[in-house]
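**Q** Here are the chains, one letter per residue:
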Amino acid sequence: MEEKSNAYFTAAVIAAILLIFTVADLFHGDRIYSETENRLLATRPSVTRKAVFSGKFAEDYEAYVTDQFAGRDKWIAIKTQSDIALQKKEINGVYLGEDDYLIEQHLPEDYSDLQEAKRTALLQKLVDQWDALVMLVPTADNVLTDKLPKYAPYYDQEALLERIAAQVGGDHFVDTLGMLRLHANEDIYYRNDHHWTSLGAYYGYLAWAESRGEEPYSYRTNAMTTVSEDFLGTLQSRTNLDRKGDTIQYFRGTVKRPVTVTYDFDRVTDTFYEEAYLETKNQYGFFLDDNHAFVQIDTSYHNGKTLFVIKDSYANTMIPLLTPHYERIYAVDLRYYNGKLSTLMKQVEPENGMDVLVLYNCIHFLEDFSYTE
Amino acid sequence: MVFSSVVFLFRFLPFFFLLYFLIPKRGKNYVLFLGSLFFYAWGEPVYVLLMLFSTVADYVNGRLIWRYRGKGRAKFFLILSVAVNLLILCFFKYADFLIQSVNVLAGTDIPLLDLPLPIGISFYTFQTMSYTIDVYRGDTKVQRNILDFGVYVTMFPQLIAGPIVKYRSVAEELHRRRIDIFGISRGAKRFVVGLAKKVLLANAIGQLWADVSAAETAELSVLTAWIGILAFAFQIYFDFSGYSDMAIGLGEILGFHFPENFDHPYVSGSVTEFWRRWHISLGSWFREYVYIPLGGNRKGLPRQLLNILIVWMLTGIWHGAGWNYLFWGLWFAFWLVLEKLFLGKVLKALPKGIGILYNTVVVLMGWVLFGLDTMPQIQGYLGAMFGLGGPLADRRGLYLMREYLTLFVIAAIASTPLLERLVKKLEDSGTGWGIALYRLGEKVFPALLLLLSVAGIVDAAYNPFLYFRF
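From first to last, the protein sequence lines stand for chains C and F. When we follow my numbering, the leftmost residue of the first sequence carries the number 1, and every step to the right adds one. When we follow my numbering, the leftmost residue of the second sequence carries the number 1001, and every step to the right adds one.
Looking at chain F on its own, in the form it has when it is part of the complex:
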């Protein structure tokens, strides 16, 4: 089930929360667990078993690691747990990619498995690994209650698109959490903002990218190519951060506090900064469970650069089973290494605007690798961006610019901290009209955004059948 659907908003959500709030404290985890299974099974019934298997496996491994903590056997069960997770992930996500690569490289003809990708598998396997690793390291206590553990793995808000919640950050709340009106109202607002980001911004501007990416790259003018990739940049940011907002908001209504996942990445002055602000929970996962164990920056510069390379190849491939994702990761590794070596110092000495411009160009070129999946397409598109294809500007580019200008302006403003700062300023203004404006906005905006988002969702299925077309 996706959040931005009529079924979720007007079927699942009301019934689930009615049950969740009405049932006494002891029962809430049952409701949450069963509700989450239903949520996951909707449209994907079979893979629920895979998720349950993963849950039981890590529950058992966690307990065994805890029992043998400090002994050699603990390490065995840790390796077992990590291996099971990675095997599941690799089999369902990467098997066809590997087969395809082998076929191409070795000229073989092994048939593909053609398995549909289990939704959220990249997220929940990473979450459960964080649990067993933390238990092994002694960073968290074991979870003996399988229901509480099941709730952690299957919890529907962050199940399909993160944030990747480390076990220890919610361990306490799994067992005992505070549900009050402040959390509910903050969470509800956050959810609505996320929904609006997804429906009103990401989906709307995604139309432009859908148009441009479907065209022959040879026909793109420089203008069209840049507008197109800029649209994709906004689409993916508002889509992804919108989903995170919805997850965090829903979590807050339930009484959980999930980590933040995005912090206005597009105003970063360097690629290093960008990755501290983009998909924060993934970056922190790789940092904690891969980069630092590999030695991080403690084993000399060459080793650090190698570590960066490894982490970014993994980050790239985590996003999807395809060569383009690997290159996407390497692309960032390249700039991160340059920044480590000297570029970072140069950027620091320059005005921040130049850093933002540099980061934007790097990130936009990265999105070409991410958004298109064949090499000829990627090459053609990058070529078009730098004038190797069509003219500098054409009718189509000018038209798209005019047609989407307002949306671009709104998206650009919404991706900076300006709005949040303005709201904060009004709230703290202390003056009569500032507060009054804040109070009014607080009352009107959530409702307005929610209604507009629902209109967008219903409209997406507007499908006039024109049988009398001719």
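This is chain C alone, in the form it adopts within the complex:
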């Protein structure tokens, strides 16, 4: 008799799990958007004869049911926890590093010599034509190397930077890697996001000033303004771990004197910092209003000097630090700017010329940099 009741029990438990989630799923309304995944979820596909017979309906329906499955976020959390229980140190392309760091993975095989040669050739052209200064920032995996999981592979940006320095010449190259490695034990990268922090950008700024032989402005690293303590960035999203948020800070020195910031020739504000972003998932957008094709900054330092920055989002934290050195700064983001770069540069260049700075992290440089004449 005990055998029989055991059989009923096992069958009932398995059936119950399947049925409960089936019913729960059927009666659970569809979500349009997933906050954790930061994307629109698949919607119920419509039944058309063509879709059904081509098999497309089945495909779409499966994507829909899986996207909308009851308790989706919880299931994903369970899977992540079971991976961690299996001693995995990498989830979705993110390393679970020491000291509570999430570090984005960049594998050596993902970056080809051809890709590097193409970007470097374009960079060389820009440097030749505009006497540009090149500042490529290493990502966290190349700086916080002692925090990576044991033996974790990473794309060697030191070697990349050596090749680029040799190509463009030392006068045109800022050694950011050396400077950041000196400060690797400070909070120069976020623990939940792939960007550098304001402090990291500050050391980048010091490296910039050093290579130009300029006196750096005395920003006070011990008196920064904290605007958020719950920043969960891209790396937290990708791992979906329950984590303590990062702190977002900025230097008071950057708000001492008034500025005018114009986004895409259109919207004008008087600050580098957009607090509205602190209420969203994308808190890093606080700096320079997230991403814009073109930004113009007019500072209160009337020295007649102009800077033109070709940049990615890493630059958004560093550009405010450059204000004491320029009267006007232009910043262009090539992922959003569709026009010809050289035309734009000639158009905005003042009569007394301008400095040109290429400011990217190494990965974004390999993925996105270009120069069109």
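Just so you know, these hints were derived from the structure itself, not from any lab. The beta-carbon is built from N, C-alpha and C at its ideal position, and this holds for glycine as well.
One-sided and incomplete, this derived list gives chain F residues near chain C with beta-carbon spacing under 10 Å:
#1 1014
#2 1018
#3 1186
#4 1188
#5 1253
#6 1404
#7 1406
#8 1407
Dock chain F against the given chain C, drawing on the hints supplied.
**A** Chain F only, in chain C's frame:
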């Protein structure tokens, strides 16, 4: 539809079984037949017609063979049936392979057909052939009920990945089968174990192989190459045997008893033993319908060796339309012949551990042929395994080893009979705590494995969109 999907587990399965259990006995085969057609048509609607054609053709041929049994015409209809099946199989599975080979060999430029492969075609054509051949030989009676026959051909549990169920082994159950709570509970447990094998082991460790096989073979260290192919070995074993477990389990819930398909192949002490434990239903099919009719071992040694060669070329090519599969089959034929000639005796005299090691190396090298499809890749990979490529070990290899060590250990244990033996021991222990532990495990594990598997399935589609990436 695949078993390891949300649609199958939380749409098809509950609705199908509710209907199946609620409907009176007479109606169950209707439910099973229509449910199976729906299952097959999902995502592949057109090829359902091909499967139905195959069903009707073999039903008719079976009846004609039966009517003319003992006469010459029976043979004609048998040949017709086998020819129809092989034609369908060859056309849909091998046409492009043949065209490509002709193009390469003769320098012609015949365009490819580019037909998608009908799912499960290699399985159901083999099943229906077993039926007509058995009817011809008088090993089974004819099936007059086309619904029952349709159920046999289309039944969804083993439709897409086996086991290859011979008609005669389920002939009785097609008509009359017992459905009770013991079968249901055993089947449900078996299904969950299979699902867990597929999702928690095969898919997880398959990631490693996906990484390694995508890399340039010239860059692989010896360590990485071996870890990679070992991962593939576990992936394919748990994937395939997991599917068989799910099929057998579902069959048992329905009231069918399908044959076992895997018996811990990786603990085999020889290649001969490996093939008695790996994909058993296919091996037994080829043995019964090809090897023995060719004369098996009854016509002298040279003929036997030739027969082995033929069977293994066919086995190889059955797994896929590509030269690498043919070589894979020949690779095994080579070792099987050696074992027949002398190696088998040598291995018997040696400790079993050495046999297992030998078999593992042969099988792993075989998986290189199976898992990679171009000759330069295969050569490069085998070279890397034996140190012709990169260094002995590198950072990447050490990293992969560390990252997957726990999973490897679990997979290794799960591929031996140790766990089953432990469970059996507890069950039979008779002592209080042993039984208690067994009862507890029996209650907790199926639920736990099912929940973890669902998490794995849902997570596979975890797709955070990082538009704010930069």
